[in-house]
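> Chain E is fixed; fit chain B onto it per the hints.
Chains as they are written, first to last, in my numbering: chain E, 40 to 479; chain B, 40 to 479.
Keep in mind that the hints were calculated from the coordinates and are not lab data.
The model shown is predicted, which means the values in this text are computed figures rather than measured ones.
Glycine included, C-beta positions come from ideal geometry on N, C-alpha and C.
Do not take every clue at face value.
What the hints assert, rightly or not - Calculated cross-link-like contacts (lysine-lysine; reagent style BS3-like; alpha-carbon spacing at most 30 Å):
| no. | chain 1 | residue 1 | chain 2 | residue 2 |
| --- | --- | --- | --- | --- |
| 1 | E | Lys-124 | B | Lys-88 |
| 2 | E | Lys-287 | B | Lys-76 |
| 3 | E | Lys-414 | B | Lys-263 |
| 4 | E | Lys-82 | B | Lys-70 |
| 5 | B | Lys-417 | E | Lys-55 |
| 6 | E | Lys-413 | B | Lys-113 |
| 7 | B | Lys-273 | E | Lys-414 |
| 8 | B | Lys-469 | E | Lys-469 |
| 9 | B | Lys-414 | E | Lys-55 |
| 10 | B | Lys-343 | E | Lys-413 |
| 11 | E | Lys-414 | B | Lys-88 |
| 12 | E | Lys-113 | B | Lys-417 |
| 13 | B | Lys-263 | E | Lys-413 |
| 14 | E | Lys-388 | B | Lys-273 |
| 15 | E | Lys-273 | B | Lys-396 |
| 16 | E | Lys-389 | B | Lys-346 |
| 17 | B | Lys-396 | E | Lys-76 |
| 18 | B | Lys-55 | B | Lys-88 |
| 19 | B | Lys-76 | E | Lys-124 |
Stated by the list, open to error - Quick list of the computed label-pair ranges, beta carbon to beta carbon:
| no. | chain 1 | residue 1 | chain 2 | residue 2 | range |
| --- | --- | --- | --- | --- | --- |
| 20 | E | Lys-82 | B | Val-374 | 40 to 48 Å |
| 21 | E | Gly-429 | B | Gly-195 | 50 to 58 Å |
| 22 | E | Asn-415 | B | Lys-273 | 47 to 55 Å |
| 23 | E | Gly-405 | B | Ala-386 | 53 to 61 Å |
Stated by the list, open to error - Output of the computed footprint for chain E on chain B, the stretches with three or more beta carbons under 8 Å from beta carbons of chain E:
| no. | stretch |
| --- | --- |
| 24 | 57 to 70 |
| 25 | 140 to 150 |
There are 2 protein chains.
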Amino acid sequence: MAVREKVFDVIISCFKRHGAEVIDTPVFELKETLTGKYGEDSKLIYDLKDQGGELLSLRYDLTVPFARYLAMNKLTNIKRYHIAKVYRRDNPAMTRGRYREFYQCDFDIAGQFDPMIPDAECLKIMCEILSSLQIGDFLVKVNDRRILDGMFAICGVPDSKFRTICSSVDKLDKVSWEEVKNEMVGEKGLAPEVADRIGDYVQQHGGVSLVEQLLQDPELSQNKQALEGLGDLKLLFEYLTLLGIADKISFDLSLARGLDYYTGVIYEAVLLQSPAQAGEEPLGVGSVAAGGRYDGLVGMFDPKGRKVPCVGLSIGVERIFSIVEQRLEALEEKVRTTETQVLVASAQKKLLEERLKLVSELWDAGIKAELLYKKNPKLLNQLQYCEEAGIPLVAIIGEQELKDGVIKLRSVASREEVDIRREDLVEEIKRRTSEPLCTC
Amino acid sequence: MAVREKVFDVIISCFKRHGAEVIDTPVFELKETLTGKYGEDSKLIYDLKDQGGELLSLRYDLTVPFARYLAMNKLTNIKRYHIAKVYRRDNPAMTRGRYREFYQCDFDIAGQFDPMIPDAECLKIMCEILSSLQIGDFLVKVNDRRILDGMFAICGVPDSKFRTICSSVDKLDKVSWEEVKNEMVGEKGLAPEVADRIGDYVQQHGGVSLVEQLLQDPELSQNKQALEGLGDLKLLFEYLTLLGIADKISFDLSLARGLDYYTGVIYEAVLLQSPAQAGEEPLGVGSVAAGGRYDGLVGMFDPKGRKVPCVGLSIGVERIFSIVEQRLEALEEKVRTTETQVLVASAQKKLLEERLKLVSELWDAGIKAELLYKKNPKLLNQLQYCEEAGIPLVAIIGEQELKDGVIKLRSVASREEVDIRREDLVEEIKRRTSEPLCTC
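One chain only, chain E, in its complex shape (with noise of 0.2 Å):
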């Protein structure tokens, strides 16, 4: 939790330097409300038993839910972020941070707006993000639905199998073009010579200048969606320039995304693993973050079918835990699982009362302090449950002290002990402990 504390911080600042609200929503949705939305996927959602009332059954991801409440709120106009867990009836793989329960962190900006502003933004707070984590270096390939789709209709692909083509296509990153026409021939019954056609396009990928390559294809250039899409591709290109990103940006004609509700542009992101020998193709290690555009999820939650274009990301973020913590692990940098600054602690015994009074006042000024619940500790144990928690300081209560009106303070890395005015003590630990690491 520790671990994922620092990785959520990282990932609110961003949402709130982009001007995110927070939202909430519930652990279940109406059963109803989830049918149909995850394409194949839809057979690993979690329903709640039938005890009386509505059929319900636990999230799945965040954007239905979303999508849901801004129809069920008629809202028409959000930017809003949101962090919470959903479920999937998977077999978990702890070691590539695949879980049965596990957290989503989603972007999303909602509205009517100008073409692909909101659409660069996210990938700018997906490049921010993924820079800020420092877990190595990332690429995030981009490609549209249109694309996709018109590429499927000047292919030869009937309308009926471009879902299905399209989740072949998507296997790409993982197993080799060979296989995955294999697929689309032998399971999904494509002519050979249109799986090939395919072939030719999906195996494309690189910048701005592949998008107008394709724009001057004489077939795709033909297909009112495909040029569509590569308009607004072009578009896009011209503001992550802007934006200083273009150079992690990969236009990738085998990017397709498994959920049914893209409309528009989507993108994913995956960690390269580094250091790339020179003339090797970097190899990804795997998706930490993606997102896309969904005009038409909203519309399906509205009575009348109003729609609302929407364009989101979410963060991969249990796969980002892992690599963090073998980070970490590797490092042998131990984490503190907890901030407190000052152990109070007693060098002679029959002084629980005066730990008791020193803690409540230090805990009244603000200071993360503990006390060892015995009525006698050894100052041994006390000293020793500092080394072991990382507690930088022990403010120590003895007769002389008492006497004297001062604490012993002692810095537990240095042993260095010395007196201080009983009255002064809150701000010299506030001085010791003050945190290089505030933004403020």
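Frame of chain E, contents of chain B only:
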């Protein structure tokens, strides 16, 4: 959520001040873990549908999962807090802050320690939090399960009826003694003279002098359990005096607490309707925090029955949210839901590129900044947005400013505008928005 975050900040900083670490447990537990822990309220537990695998239920509180966690990880010593949602299949009463999904904020100390020191700290924490939240005057009722059990025994209540008579006594804060007596006699089959003897006790409350008085009670003092409870309460009052909170504590023999797992001291904080008229009894408006000692719960989850004594408290934060919200509404105080410091605006058309460049500079420098997602927004609309969202500053780009290398910085409140050199802008915004609330 903005109000909630303020309340959570107060609570978390108190928990950390007392040296607690934070833990998390899953939202669902094995169904059997929750069985038999909540007395008559067990019917309110939400079960998950049997979709294969383990039978699961949503957690009903944070205490039972904590005890399960201690036993499972063989922990014998921890001071932790946990802020999370719990679930009850109850009839919601929104105005009283009662929901089917709600937050609990728990702090517990587990371990074998000298008597009443951790118990006293729990009461100190309750008082610190309720004082910091400024939600009005409060009183903490204290009792001990052993005193109640001893009292029931000497009054002639059969052993098998202790828990159910306890539930009746617990209603005395809401209904009159007459009604409670009727329930005991009519519904629960207690002899009227036994009920009357209970009535003589449970209508008493006071300070440490009542403890002393009961220690002299010829019958109660002969009961081993009651004597232990009274002895511990006497010690507790000594510690509470040293911690400076004895005046907030009332020994109240009618306090019983519904849950089965308490074994020693129990407590409950109630808000008093202020101001109390002279000579008038202050009227309780409801419980906002509660807790107690539960020395047997962890042992129920340990295969060898090893006990870990625990004492803790839970803040009833939903009630507190309602109170704080009402107070803010009454003050007509508008709570900002975002923290944006500056809006990057433009005075003329065709400056989107310049706005994107500037806002990106500000984000990279850690400034909380927004821009409108329009290619050519009107200046008036941009200023209006600041008024509505409470954004204090506007950084205005114009063609002249671009030529001069300056940005016009406008204060939304005073409408004053000054030209700031672009390289000084970040510092100037930080200076103007430095937060006086920062508690470092």
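> Each hint should be assessed against the structure and marked as holding or not.
Taking the hints in turn, this is what the structure says about them:
1. E/Lys-124 <-> B/Lys-88: Between E/Lys-124 and B/Lys-88 the Cα gap is close to 19 Å, so the pair holds against 30 Å.
2. E/Lys-287 <-> B/Lys-76: Distance ~54 Å between E/Lys-287 and B/Lys-76 Cα, so the pair is violated.
3. E/Lys-414 <-> B/Lys-263: 24 Å, holds
4. E/Lys-82 <-> B/Lys-70: 22 Å, holds
5. B/Lys-417 <-> E/Lys-55: Distance of about 25 Å is within 30 Å: holds.
6. E/Lys-413 <-> B/Lys-113: 22 Å, holds
7. B/Lys-273 <-> E/Lys-414: 16 Å, holds
8. B/Lys-469 <-> E/Lys-469: 24 Å, holds
9. B/Lys-414 <-> E/Lys-55: 23 Å, holds
10. B/Lys-343 <-> E/Lys-413: Roughly 27 Å separates the two Cα atoms, so the pair holds.
11. E/Lys-414 <-> B/Lys-88: Not OK: E/Lys-414 and B/Lys-88 at ~50 Å, beyond 30 Å, violated.
12. E/Lys-113 <-> B/Lys-417: 26 Å, holds
13. B/Lys-263 <-> E/Lys-413: 25 Å, holds
14. E/Lys-388 <-> B/Lys-273: 21 Å, holds
15. E/Lys-273 <-> B/Lys-396: 18 Å, holds
16. E/Lys-389 <-> B/Lys-346: 29 Å, holds
17. B/Lys-396 <-> E/Lys-76: 37 Å, violated
18. B/Lys-55 <-> B/Lys-88: 38 Å, violated
19. B/Lys-76 <-> E/Lys-124: 26 Å, holds
20. E/Lys-82 <-> B/Val-374: 40 to 48 Å: Since E/Lys-82 and B/Val-374 have Cβ atoms about 42 Å apart, the given range 40 to 48 Å holds.
21. E/Gly-429 <-> B/Gly-195: 50 to 58 Å: Hint holds: Cβ distance 55 Å, inside 50 to 58 Å.
22. E/Asn-415 <-> B/Lys-273: 47 to 55 Å: Given about 20 Å between the Cβ atoms, the range is violated.
23. E/Gly-405 <-> B/Ala-386: 53 to 61 Å: 46 Å, violated
24. 57 to 70: Since three or more residues must qualify, the claim that chain E covers the stretch 57 to 70 of chain B holds, with 10 doing so at under 8 Å.
25. 140 to 150: holds (count 3)
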